[in-house]
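Q: Now for the letters of each chain:
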Amino acid sequence: MSKPFLSVERLTQQFPDGQGGTLTVFENATFGVDQGEFVCILGHSGCGKSTIMNILAGLAEPTSGVVKMDAVEVSGPSLDRGVVFQNYSLLPWLSALKNVTFGVKARYPNWSKDKVEALARDFLAKVGLDGDVVHRKPSQLSGGMRQRVSIARAFANHPKLLLLDEPFGALDALTRGTIQDELLKIWGGTEQTVFMITHDIDEAILLADRILLMTNGPFARVAESVEINIPRPRNRTEIVEDPNYYAIRNHLVQFLGKRSKELAGEKIEQDDVRPETVRFDASGTSETTEEQTESSPLLRAVNT
Amino acid sequence: MLGSLSINQRAAILSILMLVCGLLIWEAAIPAQKAATELTEYERLMGLGEERAGVPPPSDVLAKAWEQLSNPFYDAGPNDKGIGIQIGYSIYRVLTGYALAAIVAIPLGFLIGMSQVAYKAFNPFIQVLRPISPLAWMPLALFIIQDSEASAIFVIFICSIWPMLINTAFGVAGVRSDWVNVARTHELGSFKTAFTVILPAAAPTIVTGMRISIGIAWLVIVAAEMLVGGTGIGYYVWNEWNNLDLTSVIFSILMIGVVGMLLDAAFSVLQRAVAYAE
Numbered sequence: 002m003s004k005p006f007l008s009v010e011r012l013t014q015q016f017p018d019g020q021g022g023t024l025t026v027f028e029n030a031t032f033g034v035d036q037g038e039f040v041c042i043l044g045h046s047g048c049g050k051s052t053i054m055n056i057l058a059g060l061a062e063p064t065s066g067v068v069k070m071d072a073v074e075v076s077g078p079s080l081d082r083g084v085v086f087q088n089y090s091l092l093p094w095l096s097a098l099k100n101v102t103f104g105v106k107a108r109y110p111n112w113s114k115d116k117v118e119a120l121a122r123d124f125l126a127k128v129g130l131d132g133d134v135v136h137r138k139p140s141q142l143s144g145g146m147r148q149r150v151s152i153a154r155a156f157a158n159h160p161k162l163l164l165l166d167e168p169f170g171a172l173d174a175l176t177r178g179t180i181q182d183e184l185l186k187i188w189g190g191t192e193q194t195v196f197m198i199t200h201d202i203d204e205a206i207l208l209a210d211r212i213l214l215m216t217n218g219p220f221a222r223v224a225e226s227v228e229i230n231i232p233r234p235r236n237r238t239e240i241v242e243d244p245n246y247y248a249i250r251n252h253l254v255q256f257l258g259k260r261s262k263e264l265a266g267e268k269i270e271q272d273d274v275r276p277e278t279v280r281f282d283a284s285g286t287s288e289t290t291e292e293q294t295e296s297s298p299l300l301r302a303v304n305t
Numbered sequence: 002m003l004g005s006l007s008i009n010q011r012a013a014i015l016s017i018l019m020l021v022c023g024l025l026i027w028e029a030a031i032p033a034q035k036a037a038t039e040l041t042e043y044e045r046l047m048g049l050g051e052e053r054a055g056v057p058p059p060s061d062v063l064a065k066a067w068e069q070l071s072n073p074f075y076d077a078g079p080n081d082k083g084i085g086i087q088i089g090y091s092i093y094r095v096l097t098g099y100a101l102a103a104i105v106a107i108p109l110g111f112l113i114g115m116s117q118v119a120y121k122a123f124n125p126f127i128q129v130l131r132p133i134s135p136l137a138w139m140p141l142a143l144f145i146i147q148d149s150e151a152s153a154i155f156v157i158f159i160c161s162i163w164p165m166l167i168n169t170a171f172g173v174a175g176v177r178s179d180w181v182n183v184a185r186t187h188e189l190g191s192f193k194t195a196f197t198v199i200l201p202a203a204a205p206t207i208v209t210g211m212r213i214s215i216g217i218a219w220l221v222i223v224a225a226e227m228l229v230g231g232t233g234i235g236y237y238v239w240n241e242w243n244n245l246d247l248t249s250v251i252f253s254i255l256m257i258g259v260v261g262m263l264l265d266a267a268f269s270v271l272q273r274a275v276a277y278a279e
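Just so you know, the sequences run in chain order A and B. In the working numbering, each number is its position in the first sequence, counted from 1, plus 1. In the working numbering, each number is its position in the second sequence, counted from 1, plus 1.
Keep in mind that the hints were calculated from the coordinates and are not lab data. Be aware that a few hints might be false.
[As the list claims (entries may be wrong)] To spell it out: a stretch of chain B is covered by chain A in this simulated footprint if at least three of its residues, at any positions, have a beta carbon under 8 Å from a beta carbon of chain A; those stretches are: (1) 65-76; (2) 84-95; (3) 197-204.
[Stated by the list, open to error] Computed list of lysine-lysine pairs in BS3-like fashion (alpha-carbon distance at most 25 Å, straight line): (4) A:Lys-161 with B:Lys-121; (5) A:Lys-114 with B:Lys-193; (6) A:Lys-99 with A:Lys-114.
For glycine and all other residues, C-beta sits at the position ideal for the given N, C-alpha and C.
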């Protein structure tokens, strides 16, 4: 098996617990992301999703373990890894357009002003922002528009890996839907590799090629990797017709609702700490798993 | 009728009313001095014909203001210069001392705001030096610098440095980590981060400190010039007091207020320019 584009190996994060001991948030998190793949990570609060994201972004250091991108170890932040933060992180004293050119200028310092602006406008238009709106300050934009600007800023930089930290967490359900569609649209035209944190199962199914499931913390781990083999292009009204949709969705609901708790703290002694791959077969209703040692009868019952 | 006016218009009418009433009461409260020709011979013998020093009525102050402001830059020797020249000297001293303070305080404030160690190291000195009345430095400054002009500027420097220093440090330390993270993920260097992210983010707090400083500097320059003498609005006030020319004293007090207001207004424009809403 060849090394994936992004390879996260035995990542462990410990924090002091305030009483002299240490708190292990997650342990031996191991997974890979292939070039051009859209991967979502799902898990409850406190399992360390955001910490993993910060480590991938280079904003935090893990206690142990390594992250390799293109076979090079990640250390420190880089323009090759763009980040869309949950709270947008737009600079409030700059207009929407300037926020995007801020990123483009950092990426292409030798470009002329016009070229920078043209690219920025192009990407803002791709997320549905054009006209006078681009000259507004973030405080004059709605939450949805702000997150669009933030997405445009990230995509305009053509990072090798795009990290999305619960980008729609602060938005209302309707706006969220619209921006998810826009994200799919802008992503569809690129070969962009995306790694995204989310709480939202439907969002993950709509967007992702693969969903990583984390058990609850402390001692959280990446337990399963669920393949979302629903053909693209997807849209929210059609994916529900896919024969695998409900099987996948039920699996995720069961995992988050029940198994993430049951599996919590369960130490695995084996050397191979990669998550089990779970795949639902499009032709039937049965579930096939690779590298799976124990399969849950409960899950099968739900799926049929 | 009043209901149809805007809040600003109503406030303006009220302001003018207060001004007129105040001036009328002031005018009425000053006992008129009889002209020498109206006095009885006895009164003249008792010396009541001499002009007596008293608080002048507002009409005299207005006449003085008209006279001074119509020719503000005349220079008739060391003790007789126009109000414009005196204010000019004061503004020059304030701005020089203030600019020197800004050059020191803002970069130092950046350092203190960015580094916990620098903050803790500088803090005891700041806490001890800050409460010292700027005029207390005057004797030491006069002895070391040996120049009254430079000493006055030094006093302005020392009084305007603290609010700028503390506000800059506070503003820089309070820059949201999200924005710093944006700079980091865009691989900006330290200088670029400082100028394109931290400075604009902290600018409102820094300018607030600068505005407090200019206010304090203008308060202190009057007192400093009373001590060092020679030129300046503070010296002018004291000189007119020695001349027992209370009309000029009241006029110059008003001018001090007006200039202070204009300096503050300039910074409020700057403050609005750097303000941002989150």
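Q: For each hint, tell me whether it holds in the structure or not.
A: Evaluation of the provided hints:
1. 65-76: violated (count 0)
2. 84-95: n = 0 at 8 Å, threshold three: violated.
3. 197-204: holds (count 5)
4. A:Lys-161 with B:Lys-121: Given pair Lys-161 of chain A, Lys-121 of chain B is violated - Cα atoms ~41 Å apart, limit 25 Å.
5. A:Lys-114 with B:Lys-193: Holds, because 18 Å separates the two Cα atoms, which is no more than 25 Å.
6. A:Lys-99 with A:Lys-114: Given that 25 Å is the threshold and the Cα spacing comes to 11 Å, the pair holds.
Going down the numbered hints, you'll see the structure goes against 1, 2, 4, while the others check out.
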